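> Residues per chain are reported as follows:
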Amino acid sequence: MSLATSAGAGSKPGVFLLRIGRSLKNALTKLSREPVGLFGFIVLSILIVVAIFAPLIAPYSPTTQNLPNALQAPSWEHWAGTDEYGRDILSRLIYGTRITIQTVLAVSLIVGPIGMLVGIVAGFVGGRTDAILMRFTDIVLSFPSLILALSFAAALGAGLETAIIAISLTGWPPIARLARAETLIVRNTDYVAAARLYGASPLRVLFLYIAPMCIPSVVVRLTLNMAGIILTAAALGFLGLGAQPPAPEWGAMISSGRQYMLDNWWVAVMPGIAILLTSLAFNLVGDALRDILDPRHARS
Amino acid sequence: MIEVSNLSVSFGSGEARRQVVQGVSFVVGKGETLGIVGESGCGKSTVLRSLAGLDRHWEGDIRLAGKPVDRERSREQLKLAQMVFQDPYGSIHPRHRIERVLAEPARAMKTGDGWSRVAPSLEQVGLPANFAERFPHELSGGQRQRVAIARALMLEPEILLLDEPTSALDVSVQAEVLNLLSDLREERNLTYVLVSHDLSVIAHMCDRVLVMKDGTFVDELDKGALEKGETHHPYSEQLFEASFL
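Chains as they are written, first to last, in this note's numbering: chain A, 769 to 1068; chain B, 63 to 307.
Rather than coming from a laboratory, the hints here were simulated on the basis of the structure.
Be aware that a few hints might be false.
What the hints assert, rightly or not - Below, a list of computed lysine to any residue pairs in the SDA-like style, where the Cα atoms sit at most 25 Å apart:
id	chain 1	residue 1	chain 2	residue 2
1	A	798	B	200
2	A	798	A	809
3	B	172	A	964
4	B	172	A	798
To be verified - Distance windows between CB atoms, simulated:
id	chain 1	residue 1	chain 2	residue 2	range
5	B	125	A	910	51 to 57 Å
6	A	970	B	284	27 to 33 Å
7	A	970	B	125	25 to 31 Å
8	A	893	B	72	20 to 26 Å
9	A	1008	B	195	53 to 59 Å
10	B	72	A	801	31 to 37 Å
11	A	894	B	199	25 to 31 Å
12	B	218	A	956	24 to 30 Å
Said to hold, decoys possible - Counterexamples of contact, computed for chain B against chain A with all Cβ distances above 10 Å:
id	residue
13	77
14	127
15	233
16	236
17	260
18	303
As the structure is a computational prediction, the values presented were derived from the model and not from experiment.
From the three backbone atoms N, C-alpha and C, an ideal C-beta is built for every residue, glycine too.
Turn these sequences into a full structure, and let the hints guide you.
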């Protein structure tokens, strides 16, 4: 018997990898049936590759000024033109993906776990805990995130980190509500009743039974949120509260381009297109993920 | 094996308080199968859930294997009785593989790692061992109910509580699952309490039947009476006429 169990334990990681490979393949097959979602995924993967290899891809330095070359229209030399200091806008956009992706990832990694923990604990424990946690969530939900970010920037000084913290602080309540709603459904199912009958501890039920049921909808919601995060980050940059110059933040680039809008449209429009494409891609990917991950959608 | 005296269950409080089970008493011997039959909402499932330890609103006295059990069950008390649920589509975690489903009871109880017992327990309920790899949605309703039965038996309880175990299955599969239950009872000398509204299922399985109406037992029929269709109460007569015509 002990031989059988040790053999089983030994092959576990192999089996695990095999299964991950299989489910990835499944997901890709499903994805290939959704051209719009596939487009979103491709745009996102390009963005990530660009962000990682920005120094190799960018044709010019994002920060070196070249005043004689200022405000050049898009040409073969400068695909997206140059800004008021003669910096190549395409290079700045390419470096800007780093800031954007970094913001989105950091906010999602903070917001996802916190929101889910608050939500499933509130839903599972119920009673007074639920009331306190959800009222707290309501209070946070009633803060306008931009105003909170403004006050945060005033208190801590403007910067990318401040922006990330401010967006995260107001970002988790929707996730918490979603996780709570899912938990309330799952809590009353027969499989949780069965788990209680065979003596599963509350923590076990919470993390092995309820959390896995909440993760797909939370991931979908997070992905859809990412578009909003990009827009809020850009708005903060526009107001001068996000990443500080000369960092090539897209919102800040629009802000500085605004002054030249009438004569030199490309200075503001190019980063605008970048923001539009990125948030569109996140929205498309979110929709596609919902179709792939949500069992209720898959069944229909 | 099971002694229940004066079991009452009520939900809600104040004006909204509703007594669902009104002071019922019954005894089930070892190896016996007791059926509880009645219409929807008569309280039969509530009796079963109180026996299992899922409902904690009961008052009275429940003894399993001679020992009184509490409203909040200890692990030892939970091991005495396990339950098979009505809906096999809702009673198995949709994101756990069958091996995990079957290993969980032992792992949750901390009585060994559970994985090594997956294959024998699948064979015991007549499923091939390679089903361990599958997810519940890759199984039919009857196969899932077999998995649910195997899971209930993982802790080796002496009592199995069956809450309409076949009403979600189609007729041919119903018979297979009932036969499996009969075989397991003989093999392991299990005690069953079977709740159903289907008299043919009850007649096939049970040694004794209690007829329940509005939270009380109105009639008790033994095997002989069941076969002859003998009844002692107008309600059970009505029930019989409705199902055997």
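> Hint by hint, say whether it matches the structure.
Hints, verified against the model:
| no. | hint | in the structure |
| --- | --- | --- |
| 1 | 798/A - 200/B | holds, 17 Å |
| 2 | 798/A - 809/A | holds, 13 Å |
| 3 | 172/B - 964/A | holds, 14 Å |
| 4 | 172/B - 798/A | violated, 39 Å |
| 5 | 125/B - 910/A: 51 to 57 Å | holds, 54 Å |
| 6 | 970/A - 284/B: 27 to 33 Å | violated, 43 Å |
| 7 | 970/A - 125/B: 25 to 31 Å | holds, 27 Å |
| 8 | 893/A - 72/B: 20 to 26 Å | holds, 24 Å |
| 9 | 1008/A - 195/B: 53 to 59 Å | holds, 57 Å |
| 10 | 72/B - 801/A: 31 to 37 Å | violated, 53 Å |
| 11 | 894/A - 199/B: 25 to 31 Å | holds, 29 Å |
| 12 | 218/B - 956/A: 24 to 30 Å | holds, 28 Å |
| 13 | 77 | holds, 22 Å |
| 14 | 127 | holds, 16 Å |
| 15 | 233 | holds, 23 Å |
| 16 | 236 | holds, 19 Å |
| 17 | 260 | holds, 19 Å |
| 18 | 303 | holds, 33 Å |
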